[in-house]
Amino acid sequence: MPAASPLPLAERCRPRSLKDIVGQPEAVRKLRAFGESWQQGTHPPRIRAALLEGVPGTGKTSAALALANDLGWGVVEMNASDARNRTAIEQVAGRAAITNTFTSDGRFLSSRKGERNLIILDEADCLSGHSAREGSEEPSRTPPTFREFLETRYRRIDALNEAWHLGQEGNPDPFPSFHALPAGSPGRAAWARLPQAQADLRDWRGAANPPDLSDRGGLLAVAKLVRETLQPVILTVNNSRPLTKGSAVFRTGVSRVRFYPLREESVRGALHRISMAENLGFSDEVIDLVVAHVKGDLRAGINDLEALSGLPPGVDPATVLGYRDLESNLYEATHRWLTAGRLLRNTDVMEGVDASPEDMLPWIEENVPRYAPGPEELSRAMERLARAQFYLGKASRLRVWTLWSYASEIMTGGVSLALFPEGPASVGRQENRVEFPRFLAGMGSSRGQRAVQHSLLSKLARRTHLSQRRTPDLILPLVQPLFQRSPAAREMEALLRFQSALARELELSAEEIAFLLDQEPDHPSVTRILKEAQHVSEPLMPPPLPSPETPAAPPRGQRKLF
Amino acid sequence: MFKARVKMEVLRELVDVVSTLVTETKLQVSVDGIEVKAVDPSHVAMLVLNLKKTGFEEFTGDSTEIGIDVEKIKDVLRLSKPGDLLNLAYDGGKGKLEVSVGKIVRHMGVVDPAGITDPKVPNVNPPGKVVLKTDELRQGIRGSESISDHVTLTLDPEFFSMHSEGENDRLDLKIPKSELTLLEAKETVKSMYPLDFFSSMVKSISSAEEVTIFVGNEYPLKLEFSFAGGRGDARFLLAPRVEED
Numbered sequence: 001m002p003a004a005s006p007l008p009l010a011e012r013c014r015p016r017s018l019k020d021i022v023g024q025p026e027a028v029r030k031l032r033a034f035g036e037s038w039q040q041g042t043h044p045p046r047i048r049a050a051l052l053e054g055v056p057g058t059g060k061t062s063a064a065l066a067l068a069n070d071l072g073w074g075v076v077e078m079n080a081s082d083a084r085n086r087t088a089i090e091q092v093a094g095r096a097a098i099t100n101t102f103t104s105d106g107r108f109l110s111s112r113k114g115e116r117n118l119i120i121l122d123e124a125d126c127l128s129g130h131s132a133r134e135g136s137e138e139p140s141r142t143p144p145t146f147r148e149f150l151e152t153r154y155r156r157i158d159a160l161n162e163a164w165h166l167g168q169e170g171n172p173d174p175f176p177s178f179h180a181l182p183a184g185s186p187g188r189a190a191w192a193r194l195p196q197a198q199a200d201l202r203d204w205r206g207a208a209n210p211p212d213l214s215d216r217g218g219l220l221a222v223a224k225l226v227r228e229t230l231q232p233v234i235l236t237v238n239n240s241r242p243l244t245k246g247s248a249v250f251r252t253g254v255s256r257v258r259f260y261p262l263r264e265e266s267v268r269g270a271l272h273r274i275s276m277a278e279n280l281g282f283s284d285e286v287i288d289l290v291v292a293h294v295k296g297d298l299r300a301g302i303n304d305l306e307a308l309s310g311l312p313p314g315v316d317p318a319t320v321l322g323y324r325d326l327e328s329n330l331y332e333a334t335h336r337w338l339t340a341g342r343l344l345r346n347t348d349v350m351e352g353v354d355a356s357p358e359d360m361l362p363w364i365e366e367n368v369p370r371y372a373p374g375p376e377e378l379s380r381a382m383e384r385l386a387r388a389q390f391y392l393g394k395a396s397r398l399r400v401w402t403l404w405s406y407a408s409e410i411m412t413g414g415v416s417l418a419l420f421p422e423g424p425a426s427v428g429r430q431e432n433r434v435e436f437p438r439f440l441a442g443m444g445s446s447r448g449q450r451a452v453q454h455s456l457l458s459k460l461a462r463r464t465h466l467s468q469r470r471t472p473d474l475i476l477p478l479v480q481p482l483f484q485r486s487p488a489a490r491e492m493e494a495l496l497r498f499q500s501a502l503a504r505e506l507e508l509s510a511e512e513i514a515f516l517l518d519q520e521p522d523h524p525s526v527t528r529i530l531k532e533a534q535h536v537s538e539p540l541m542p543p544p545l546p547s548p549e550t551p552a553a554p555p556r557g558q559r560k561l562f
Numbered sequence: 563m564f565k566a567r568v569k570m571e572v573l574r575e576l577v578d579v580v581s582t583l584v585t586e587t588k589l590q591v592s593v594d595g596i597e598v599k600a601v602d603p604s605h606v607a608m609l610v611l612n613l614k615k616t617g618f619e620e621f622t623g624d625s626t627e628i629g630i631d632v633e634k635i636k637d638v639l640r641l642s643k644p645g646d647l648l649n650l651a652y653d654g655g656k657g658k659l660e661v662s663v664g665k666i667v668r669h670m671g672v673v674d675p676a677g678i679t680d681p682k683v684p685n686v687n688p689p690g691k692v693v694l695k696t697d698e699l700r701q702g703i704r705g706s707e708s709i710s711d712h713v714t715l716t717l718d719p720e721f722f723s724m725h726s727e728g729e730n731d732r733l734d735l736k737i738p739k740s741e742l743t744l745l746e747a748k749e750t751v752k753s754m755y756p757l758d759f760f761s762s763m764v765k766s767i768s769s770a771e772e773v774t775i776f777v778g779n780e781y782p783l784k785l786e787f788s789f790a791g792g793r794g795d796a797r798f799l800l801a802p803r804v805e806e807d
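Those protein sequences? They're chains V and G, same order as listed. Numbering-wise (our numbering), the first sequence opens with residue 1 and increments by one. Numbering-wise (our numbering), the second sequence opens with residue 563 and increments by one.
Please note that the accuracy of each hint is not assured.
Cross-link-like lysine to aspartate or glutamate pairs, in silico, DMTMM-like; alpha carbons within 25 Å at most [said to hold, decoys possible]: (1) 682/G - 105/V; (2) 752/G - 115/V; (3) 784/G - 105/V; (4) 665/G - 203/V; (5) 30/V - 264/V; (6) 224/V - 77/V.
Because the hints were derived from the structure by calculation, they are not lab data.
Make a model of the complete structure from these sequences and hints.
So, in structure tokens, the structure goes:
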């Protein structure tokens, strides 16, 4: 690497001007027009904000910063890492939106002279729309009352009387004890005007109201900002849905600018330029490898270049890039965990793995039997795995993620110690020993099926006023037989009508009907129900019950009990 | 290296003033004392604050930067009472800032100063200057707060005035030149400022009896006051509101 620089390469290479933005001609044009609309006179334009939309690494933030630089505007940024609840947005972005500002290089910008200050809200789609103080309140310690606060600070009442200069000329009388003080706010008491009491009050309020770091109410605050700002605002999002469905102003009151994933040539060109400019000296092959790897995400490409530039000679860049690949990584990690034969600290466990303990568990579960030397060890190992699972469950139910470290330490070193109590196992590193978890494979292949089931259940739940959790137990067992029963010939038509009416009422899709029939979606019986559903106009009536005199004939070859 | 002993009231005022703008800040320590420069996240207000070594009870220091979490200092201040002395010690590098009061010692993790913006303070010289009593200013601000979220300051060769306007209500504070300590204005100048910063800044002043205000036409406000018995001074800059025509 060239001279050690404090900033990551991707930051240092940010384009300084809109004309340096790679591969987004349409977006650049729109953004420039947005910028110019703010340069006309001192009055803000009708559309006061731009919404930049696109997948990561396509230049949204870079373009916003470049625009500001081109027009000589100041910039106030709010990133996802800052607290962005309603108050924070009102205080930072909201304030900057109605005032002139200073720049960090020591200039005062006057909008009177057309000097604007651009407000950039990065990843605005991650803001939550909850209004302040709504939803689950974190359990917090009760703040001290003013009296309690003073007791801790002064301990003796004479200390307080002295500090507040009580009893001196012009001041109120001293307090006999702490109980003479109000528990809460002092209101208009004469002593509350004393400067010392004021200072104590301020401290107390600070202690009683810890800052709120959540995103609560952030979205509402941004909507207000977009409507009322007197300075240009740019929002960047990966997905505009959360905003546009949150408030109409994001549909009609902003200039929407789309950023597309970059084409390979654009990424290649940009990486070549950076490689030259930074003197990294990468060959075309390496750059091609990176280009193929990042799929249109230029920032990822620059990060890859930076990672590769630190490599010792002789290391194949392909293996380094592949390291990002979660799965191939988990094969090795699972082997490492199971053969450790000692406890691994959480940091050691996670080394080189980008997976949560919840992702790790199926891998270990799948592969423990393959590593177990005997049934006793296997049994002990499964015990430990169960314990790890217990912590995972607790962690997600209680939302106490610190419990994850227990889970991950037990499921790795703990399980390994159960298998190999004597220390590190000398099991050779046979890659094919570790297998992909069947549970995950099953989940993957049944994904489509589960989606159908889910949508069907949600329709049933809505109609029956039940929670979706209870529908599978209470309603599905009643509905499914109505579709799977093989009726007697004379009931056939009535049943078909009923099924069609139900399908129409619930607006069932072919897939959902097929699920109920336990058939493929293109099966004739599915098509028949769907077709009939378009014609039926009669109200939904249950099919006639089979008459008790003529019980349905049992399938052929089945004997009757009585 | 930095080692000092300071009165609780002095540190509290310093921290109160700083915390109106930022939650984290950089203490710039030199042989002569400390300096704090801060800009609020919306770049609307700036602050430069100096405390000379004589403002401390004891002080030894050489050139070093300490990134502090203002809230943590406040936590320690809450454990002390006026009249107490606090000891501060920092040996540099990644070490902890040691703050002790009475029998309590707190070892405080410091913030990497590289992550804190080091604002360059613009050279702002508004034409009008007024020196007035902190109490009178505070009174005017208290009145304006219930009416609006901004306030217009006017300097005239004959008077200083403060005006705020809400939907239905108006409030004016007008002090004639004869009742001001000092008034220098060749012509009438006025600007509108956001009240929240102005108000929290003025309210955080606990020891200065007088403050100096500089005002221009749609120009930043400069507010100067001293603390720690004149051994510390603060300069506060506030950008004016965007005024629509």
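A quick look at each hint next to the structure:
1. Between residue 682/G and residue 105/V, the direct Cα distance comes to roughly 5 Å. Compliance with the 25 Å bound is thereby established for this hinted pair.
2. With a CA separation close to 20 Å, the supplied pair residue 752/G and residue 115/V stays within the 25 Å bound.
3. Taking the CA atoms of residue 784/G and residue 105/V, the gap is about 18 Å. The hint holds against a cut of 25 Å.
4. For a cut-off of 25 Å, the pair hint linking residue 665/G to residue 203/V stands: about 21 Å separates their Cα positions.
5. Proximity of residue 30/V to residue 264/V is assessed by CA-CA distance (about 23 Å); at most 25 Å being required, the pair is judged to hold.
6. Our distance criterion of 25 Å between C-alpha atoms is met by residue 224/V and residue 77/V, whose separation comes to about 17 Å.
Going through the hint list in order, the structure satisfies each hint without exception.
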